[in-house]
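If you read the sequences in order, they're chains A and B. Okay, so the first sequence: first residue is 1 according to this note's numbering, each after it adds one. Okay, so the second sequence: first residue is 1001 according to this note's numbering, each after it adds one.
Just to be clear, a hint being listed does not mean it is correct.
[To be verified] 25 Å max Cα-Cα, derived DMTMM-like pairs, lysine to aspartate or glutamate:
no. : chain 1 : residue 1 : chain 2 : residue 2
1   : A       : 274       : A       : 153
2   : A       : 175       : B       : 1309
3   : A       : 157       : B       : 1291
4   : B       : 1284      : A       : 172
5   : A       : 261       : A       : 278
6   : A       : 98        : A       : 234
7   : A       : 157       : A       : 278
8   : A       : 74        : B       : 1179
9   : A       : 74        : A       : 119
10  : A       : 181       : B       : 1285
11  : A       : 157       : A       : 234
12  : B       : 1281      : A       : 71
13  : A       : 227       : A       : 241
14  : B       : 1284      : A       : 278
15  : A       : 74        : B       : 1323
16  : A       : 181       : B       : 1323
17  : A       : 175       : B       : 1323
18  : A       : 227       : B       : 1323
19  : A       : 157       : B       : 1285
20  : A       : 74        : B       : 1158
21  : A       : 181       : B       : 1158
22  : A       : 74        : B       : 1308
[Stated by the list, open to error] Where chain A lies over chain B, by a calculated footprint (3+ residues, C-beta under 8 Å):
no. : stretch
23  : 1136–1144
24  : 1229–1240
25  : 1257–1267
26  : 1285–1292
27  : 1313–1320
[As the list claims (entries may be wrong)] To give an idea of the chain B side of the interface with chain A (calculated C-beta under 10 Å), a few residues:
no. : residue
28  : 1061
29  : 1186
30  : 1324
Hints were generated in silico from the structure; no laboratory data involved. Quantities reported herein were computed from a predicted structural model and do not represent experimental measurements. Heads up, the beta-carbon is just placed ideally off N, CA and C, and yes, glycines get one too.
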Amino acid sequence: MKTVWHDRRHLAATGMKAAAAFLVAASLGGMATPAHSQAANARSEKIWNGLKTDVFEDRAIRTDSGLVRIEAPKRAQDAAIVPVDIFIDPARFPGGVKALTLIVDVNPSPVAATFQFGENSGVTHLSTRLRVDDYSYLRAIAETADGELHMAETFVKASGGCSAPAVKNQSEAEKTMGQMKLRQFAGEGSASARNPELQLMIRHPNNSGLQKDPITQYFIPPHFIHKVSVSQGDRQIFSMEGGISISEDPNFRFDYVPDGKGEIRVEAIDTDGKVFSDQWPLEAAGL
Amino acid sequence: MARDRIGPSRRHLLQGFACLGAGAALPLCCGHRPALAAAGGTFTLSEIADGIHVFSGANETMNAHNQGAICNLGIVIGREAVAVIDSGGSIVEANAFLAAIRGITDRPIRYLVNTHMHPDHIFGNAAFRDAGAAIVGHRNLPPALAARAQFYLRSYRDQIGVQLMEGVEIIPPTLLVDDRLELDLGGRAVELRAWRPAHTDNDLTLFDPMTKTLFAGDLVFLEHLPTLDGSLLGWLGQMDELATIEAARVVPGHGTAPASWPQALEPQRHYFETLAGDLRKAIKDGTPLSEAVVGAAQSARGQWRLFDEYNERNATAAYAELEWE
């Protein structure tokens, strides 16, 4: 004999109308209803309204220019690894973008990362992976060479179930910390004239840190990559300052315009002051 | 007690009432605790082997209707004491579980074994702590819970509702398993084994040599799509080791219990090999994560319940792991 939980609902429906009505209401309240989503939207917006003055003071932020675009899944599948793509339309501002700030409103540390792009780096697309703690807008704010701010946003629903924005394999993450991998992808066909791409992967737990738990006595101090610099030859492609909203094993994929045949060099620094650096020859295919 | 000795040939079915377990000795429709009233159904433990009783969870995600009762739970009864395997996904469920246990035996519940960190397995811990059980878990379980406690408590308020979260505490184990540990229940010793990262980084199994019954926790899924919150390579890599356990039957964390062993490993092995194969190809081709996870393992879709709920998430975690190969 198996327990059939439907029986329970049947019982409630036939014998206890009040209870049944409550049950339906409770179950709807427990799921991602449109009402729940709207409340979450409002909460995210409210946080942002307070936050934007802290980050950008009283500067105007345009939201209608189409200069920047952000894409993420509508629902975070794994709260610890939410892929996000930011596109910059160079045709909209030939002077280029000098900085890009990535924000997750509801996270404990909402400013996920700030990228500064080198002159003529040619970056028009950058993707990374974020931790997303709850229903939130993800925002990309681009700063043009002449100091204008342009924003795009997308709303991400929290992942359901037991997926948490935490490190999956703590002891392994400590062991492999600092390993780096670079992949180079050729630009696609001369017709589309797409730039070559790089994918930079850094092994690091990027831990948010924990308060000491009074019961378990476990304490994990915050420990994350806070600076990354990527150059080709003598020229910087970008530098990044980041925090704990970047997923463990920080991962950046971006296009760029190579200049000469100089190697790709990467330096990353974590909050313990550890410096990780590596370099790779420019692959022919990457040219 | 004589009824402890009823053999597996005569299935021993016992029903506990959730509202009694919760101490609410009131009419079911009393109104002021509607969540408990709604729980006025049955919680059934089936005796699957001598002194081993199992509750079969629903193949669903946790919600207000199922009251968090989605994973399999069990008990092993020794001459002196009882070991409980996982505490359930809410206090309502845990109290129903306790009431059902008390309908079978009055021996003390000496141990609550947590097979891993997920809420459907541990949200009932407080009820068993209060019943005097020592909580047992993998050495990695306390830090894993500490890293997730606040998130679990908040996100499940949204998912299953405030009512059902009442009384839920994240309670870490006090007795930790480094590698292996025997628990003596009086004339019956059960063997605990801590595994390397697989389903999570804190998976623990319990084996009862007397009846050759393996409680695999979420290292084994049947019907319900396996969920990955640890290491795909670690899980695949330990399946052969799991298979060497000389069990006659397995109680998986989710899906039909008991099931034959080690055949029960095959469906999930096939799924993970398919997932890994599809993702390795995508990674080799340079397909980004966000695109690769959509198509991965879709050929296995018809073979599992909850595929759409969990496959993309599994693929996301697996992609991030496999691209370091």
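Any hints from earlier that this structure breaks? Give me their numbers in increasing order, please.
Going through the list in order, the structure violates hints 1, 2, 7, 8, 9, 11, 19, 21, 25, 29 and respects the others.
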